[in-house]
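Visitor: Order-wise, the sequence lines are chains R and C. Per my numbering, the first sequence starts with residue 1, numbered consecutively. Per my numbering, the second sequence starts with residue 1, numbered consecutively.
Any given hint could be a false lead.
[As the list claims (entries may be wrong)] Derived pair list, reagent style DSS-like, types lysine-lysine, alpha-carbon separation capped at 27 angstroms:
hint	chain 1	residue 1	chain 2	residue 2
1	C	LYS111	R	LYS226
2	C	LYS124	C	LYS111
3	R	LYS23	R	LYS71
4	C	LYS16	C	LYS59
5	R	LYS224	C	LYS9
6	R	LYS226	C	LYS16
7	C	LYS111	C	LYS59
8	C	LYS206	R	LYS224
9	C	LYS124	C	LYS141
10	C	LYS96	R	LYS211
11	C	LYS9	R	LYS211
12	R	LYS187	C	LYS16
13	C	LYS59	C	LYS96
[As the list claims (entries may be wrong)] Chain R side only, calculated, beta carbon under 7 angstroms to chain C, not exhaustive:
hint	residue
14	LEU48
15	ASP193
16	ARG221
17	GLY223
18	LYS224
19	ILE227
20	LEU263
Treat the hints as calculated values from the structure; they're not laboratory data. Because the structure is a prediction, the values reported are computed rather than measured. Backbone N, C-alpha and C fix where the C-beta goes; we use that ideal spot for every residue, glycine too.
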Amino acid sequence: MAKPLGFEKPLGMRDILPESLAKQRRLERALRACIEPWGYEEISTPSLEYYDTVGVASATLTDRMFRLLDKQGHTVVLRPDMTTPIARVVSSLYKDVPFPIRLYYQANVFRAQEKEAGRNAEFYQTGIELIGDASEDADAEAIALAVFCLRAAGVETFRIAIGHVDFADGLLEEEIADEEVREQFRKYLYERDFVGYRHLLSSLEIGSDGKQRLEMLLRLRGGKSKIAEARKLTDNGKARRAVETVASLWDALEAYGVTEDLLLDFNLVSNLNYYTGVVFEGYAADLGTPLLGGGRYDHLLAQFGRPAPATGFAIKMDRLMQVTPEIVNREKANVLLCYTANQRRAALAEAQLLRKDGLVVVTRLVKGQAEVEAGRRDARFARVICMLDE
Amino acid sequence: MAVLDQAQKLTIAMPKGRIFEEAVHFLQQAGLEVTAELQESRKLIIPVENASLEFILAKPTDVPTYVEYGVADVGVVGKDVLLEEERDVYELLDLKIGYCRMMVAGLPDWKPVEAPRVATKYPKIASRYFREQGQQVEVIKLNGSVELAPIIGLADRIVDIVSTGRTLRENGLVELEHICEITTRLIANRASYRMKSEAVDDICNKFLQVIPNSN
Numbered sequence: 001m002a003k004p005l006g007f008e009k010p011l012g013m014r015d016i017l018p019e020s021l022a023k024q025r026r027l028e029r030a031l032r033a034c035i036e037p038w039g040y041e042e043i044s045t046p047s048l049e050y051y052d053t054v055g056v057a058s059a060t061l062t063d064r065m066f067r068l069l070d071k072q073g074h075t076v077v078l079r080p081d082m083t084t085p086i087a088r089v090v091s092s093l094y095k096d097v098p099f100p101i102r103l104y105y106q107a108n109v110f111r112a113q114e115k116e117a118g119r120n121a122e123f124y125q126t127g128i129e130l131i132g133d134a135s136e137d138a139d140a141e142a143i144a145l146a147v148f149c150l151r152a153a154g155v156e157t158f159r160i161a162i163g164h165v166d167f168a169d170g171l172l173e174e175e176i177a178d179e180e181v182r183e184q185f186r187k188y189l190y191e192r193d194f195v196g197y198r199h200l201l202s203s204l205e206i207g208s209d210g211k212q213r214l215e216m217l218l219r220l221r222g223g224k225s226k227i228a229e230a231r232k233l234t235d236n237g238k239a240r241r242a243v244e245t246v247a248s249l250w251d252a253l254e255a256y257g258v259t260e261d262l263l264l265d266f267n268l269v270s271n272l273n274y275y276t277g278v279v280f281e282g283y284a285a286d287l288g289t290p291l292l293g294g295g296r297y298d299h300l301l302a303q304f305g306r307p308a309p310a311t312g313f314a315i316k317m318d319r320l321m322q323v324t325p326e327i328v329n330r331e332k333a334n335v336l337l338c339y340t341a342n343q344r345r346a347a348l349a350e351a352q353l354l355r356k357d358g359l360v361v362v363t364r365l366v367k368g369q370a371e372v373e374a375g376r377r378d379a380r381f382a383r384v385i386c387m388l389d390e
Numbered sequence: 001m002a003v004l005d006q007a008q009k010l011t012i013a014m015p016k017g018r019i020f021e022e023a024v025h026f027l028q029q030a031g032l033e034v035t036a037e038l039q040e041s042r043k044l045i046i047p048v049e050n051a052s053l054e055f056i057l058a059k060p061t062d063v064p065t066y067v068e069y070g071v072a073d074v075g076v077v078g079k080d081v082l083l084e085e086e087r088d089v090y091e092l093l094d095l096k097i098g099y100c101r102m103m104v105a106g107l108p109d110w111k112p113v114e115a116p117r118v119a120t121k122y123p124k125i126a127s128r129y130f131r132e133q134g135q136q137v138e139v140i141k142l143n144g145s146v147e148l149a150p151i152i153g154l155a156d157r158i159v160d161i162v163s164t165g166r167t168l169r170e171n172g173l174v175e176l177e178h179i180c181e182i183t184t185r186l187i188a189n190r191a192s193y194r195m196k197s198e199a200v201d202d203i204c205n206k207f208l209q210v211i212p213n214s215n
């Protein structure tokens with residue numbers, strides 16, 4: 001690689017300038033104010049974790065993690081998500097705290113990007129984890145809170161798509177005996193390749209009834225009526241239990257009064273082999289990629305020795321920034337106070353008084369009128385106060 | 001209602017070039033209002049009045065990019081491009097038009113050498129294919145006139161799409177290995193698939209009426 005230019009940054013790393021950061025902080029405050037009344041407490045964890053603990057347990061693929069060596073020669077990773085470190089804390093420092101545990105975070109996570117040089121590799125997220133509650137009401141709480149968060153942030157039009165990983169899994173198990181073939185179907189669903197899915201389906205030697213059911217899976221996307229349609233596809237077992245979970249989840253979400261922003265999608269596959277139940281993804285108008293993702297991950301905690309069901313979600317702050325209104329550009333009330341050395345004592349005391357009154361005061365030691373004039377031309381200041389020698 | 005219509009307005013990315021005419025004909029059969037303007041236009045963005053549609057005319061390899069980033073909700077594009085670009089999009093329908101084959105071709109007297117060179121517009125597809133075959137090859141990316149490469153000695157073989165085979169024959173090349181079948185696909189953006197689910201479903205259903213023996 002060529003030597004970096006003086007102002008270059010590592011691939012995917014971004015500076016956030018004051019104006020955007022002000023917006024990000026405002027959104028973070030709005031989300032915090034939305035989340036805390038539900039009993040979630042904020043947590044912070046280290047930026048670096050061991051690869052062998054958090055790295056291995058994380059849902060993020062190893063080749064997308066930033067890996068480095070610490071002084072002892074251990075492989076460490078920049079945390080690829082916050083869910084895994086939180087699972088580590090809940091199983092260690094928090095091991096005597098009774099379930100359910102509600103935690104939230106506002107933090108940056110790191111994922112190396114393969115494509116498009118400019119895509120960011122460091123993301124700011126706001127997310128929640130609800131650990132130790134297996135009920136569909138816990139899933140409903142996570143989804144409802146996600147809806148309230150997006151509303152609180154000022155996202156005008158959004159939808160959260162909800163699915164259940166066991167539905168497609170169960171349906172495939174009912175129709176297809178060969179696990180390898182099922183894996184291929186799951187891969188097509190994961191890659192969102194419905195054409196490949198249909199080609200494979202038509203080449204399969206199973207009854208036309210079964211084929212029709214597996215084809216219907218691709219169409220189970222819409223409102224509440226899809227629950228009844230999903231029920232018709234399966235009589236018992238895993239897939240049926242998934243439908244019933246989604247049905248009572250929907251009941252709970254109706255109780256929260258949030259279903260108008262929801263969409264059922266039984267072929268939603270978020271992350272292979274990580275989520276274990278209800279999964280969901282949030283989308284906003286005019287944003288090509290999801291801005292929120294979450295779901296149930298009942299196997300993660302066991303990897304740290306304290307098995308527990310869990311659910312949660314994370315909002316991607318950079319995407320939230322793109323779909324929320326700009327801050328109305330308030331009149332800048334900044335004051336520039338120019339003073340000469342002789343006036344220093346009085347000037348700095350005056351500045352403190354003005355700051356107590358709520359003004360933003362910048363002080364500047366000047367030698368003469370020329371510097372005062374420069375200050376007057378400076379667009380950053382609404383007013384210039386002079387305390388010069390007589 | 002008008003607000004809702006606006007929210008469900010679809011932007012469709014159409015590929016200029018090889019499959020454009022066939023694709024436009026397909027849209028017409030499916031009952032979409034495709035104006036003559038679209039067929040002859042030099043413009044790149046064409047709104048369709050009275051229909052909640054808008055077309056973007058794009059270079060075929062850019063169609064999946066437009067759709068992945070959501071500047072187009074859906075797109076019409078060949079499977080060859082999808083395999084090469086590996087974009088994160090929904091592949092909803094096989095339109096069964098624009099049929100061709102992805103082939104390995106070469107001169108008839110071609111003999112295996114230790115590290116053969118392969119010229120192609122599809123370096124990812126070619127590399128993947130030869131890796132799966134356990135063959136070591138050097139892939140050379142070209143942007144056009146791939147058939148020329150074996151004749152002038154740039155490469156031993158080529159990987160390219162073949163429809164009638166005429167171009168190959170005219171250049172004295174023969175088809176050596178068949179990689180896969182290529183047809184035209186309807187793809188959708190991940191968010192549009194959910195945010196505009198009604199409009200996307202509607203266009204899928206219209207297309208399904210036209211696709212031969214579709215299921």
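Visitor: For each hint, tell me whether it holds in the structure or not.
Guide: Outcome of the hint check:
| no. | hint | verdict |
| --- | --- | --- |
| 1 | C:LYS111 / R:LYS226 | violated, 58 angstroms |
| 2 | C:LYS124 / C:LYS111 | holds, 24 angstroms |
| 3 | R:LYS23 / R:LYS71 | violated, 38 angstroms |
| 4 | C:LYS16 / C:LYS59 | holds, 6 angstroms |
| 5 | R:LYS224 / C:LYS9 | holds, 24 angstroms |
| 6 | R:LYS226 / C:LYS16 | violated, 38 angstroms |
| 7 | C:LYS111 / C:LYS59 | violated, 36 angstroms |
| 8 | C:LYS206 / R:LYS224 | holds, 24 angstroms |
| 9 | C:LYS124 / C:LYS141 | holds, 10 angstroms |
| 10 | C:LYS96 / R:LYS211 | holds, 21 angstroms |
| 11 | C:LYS9 / R:LYS211 | violated, 33 angstroms |
| 12 | R:LYS187 / C:LYS16 | violated, 31 angstroms |
| 13 | C:LYS59 / C:LYS96 | holds, 20 angstroms |
| 14 | LEU48 | violated, 29 angstroms |
| 15 | ASP193 | holds, 5 angstroms |
| 16 | ARG221 | holds, 6 angstroms |
| 17 | GLY223 | violated, 10 angstroms |
| 18 | LYS224 | violated, 14 angstroms |
| 19 | ILE227 | violated, 16 angstroms |
| 20 | LEU263 | holds, 6 angstroms |
Against the hints set out earlier in the document, violations occur for numbers 1, 3, 6, 7, 11, 12, 14, 17, 18 and 19.
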